[in-house]
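Each protein sequence line maps, in turn, to chains W and F. Residue 92 in this note's numbering sits at position 92 of the first sequence, with consecutive numbering throughout. Residue 43 in this note's numbering sits at position 43 of the second sequence, with consecutive numbering throughout.
The set of hints was computed from the structure by calculation and includes no laboratory data. Each hint should be verified, as a subset may be incorrect.
Unchecked claim - With a Cα cut of at most 25 Å, we get these calculated SDA-like pairs of lysine to any residue: (1) 65/W - 26/F; (2) 43/W - 101/F; (3) 43/W - 10/F; (4) 52/W - 31/F; (5) 52/W - 18/W; (6) 65/W - 89/W; (7) 79/F - 7/F; (8) 79/F - 14/W; (9) 43/W - 14/W; (10) 79/F - 101/F; (11) 43/W - 85/F; (12) 65/W - 104/F; (13) 43/W - 107/F; (14) 79/F - 63/F; (15) 55/F - 26/W.
Unchecked claim - For each label pair, taking beta carbons as the anchor points, the in silico distance ranges come out as: (16) 73/F - 13/W: 41 to 51 Å; (17) 16/F - 71/W: 42 to 52 Å; (18) 71/W - 98/F: 21 to 31 Å; (19) 75/W - 32/F: 27 to 37 Å; (20) 44/F - 65/W: 24 to 34 Å; (21) 98/F - 3/W: 42 to 52 Å; (22) 55/W - 12/F: 39 to 49 Å; (23) 5/W - 64/F: 35 to 45 Å; (24) 44/F - 11/W: 21 to 31 Å; (25) 76/W - 12/F: 44 to 54 Å; (26) 85/F - 11/W: 34 to 44 Å; (27) 64/F - 14/W: 41 to 51 Å; (28) 62/W - 34/F: 22 to 32 Å.
In this text the structure is predicted, and so the values were computed from the model without any measurement. Even for Gly, the Cβ is constructed at its ideal location relative to N, Cα and C.
So the chains spell out like this:
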Amino acid sequence: EVQLVESGGGLVQPGGSLRLSCAASGFTFSDYWMHWVRQAPGKGLVWVSRIKYDGSISTYADSVKGRFTISRDNAKNTLYLQMNSLTADDTAVYYCAKDTWGGPDYWGQGTPVTVSS
Amino acid sequence: DIVMTQIPLSSPVTVGQPASISCRSSQSLVYSDGNTYLSWLQQRPGQPPRLLISKISNRFSGVPDRFSGSGAGTDFTLKISRVEAEDVGVYYCMQGTQLYTFGQGTKLEI
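Okay, chain W solo, but in the shape it has when bound (with noise of 0.2 Å):
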């Protein structure tokens, strides 16, 4: 059974750092691009980056570009999401997914972060 375990998420001041990681189980971690989607409170979904499965190239939404970086460490099966210089629009709940061709296919339960003073 996949399973998607994000952490790292909590208060953080304006113009902070954060970082979240994404436990992955149940599939060969290695072998799978990985997501970060995000979702503000109340509104839609929102991606915000990927990385290729070696960890080789890595894409991101104009809007965290040049301060948001994805990493992933495959020998622990882990993703992160190293966040600086956050903003209030940067305020949601922060989902790691797995990759399918095409997009997410299995989604993790989601860790909130929330900037404010």
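With chain W's structure known, arrange chain F on it following the hints.
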């Protein structure tokens, strides 16, 4: 960026009756490999999204066959043949042809 537009944004439905959601993309979703990367997701209240259908019409593992997808190019439809109470939630279309964008979501309520 490809913009995804869903109609309607809210849909009152009756258990046992059919329901339909439309999704239109601002440009063709046919990828260079010939596939069309249009997916449908369901998000029940308080739950993460769940993939229902990929590549227009392919039901994901465990998805009941009352859900079906159709369409081509820029116009797509999700149909529920007979709505059940557990189908309440928000439905999103998503394109994966040019990075990824989602529709605004359609709230299905009994």
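Which hint numbers doesn't this structure obey? Of the numbered hints, 8, 21, 23 do not hold.
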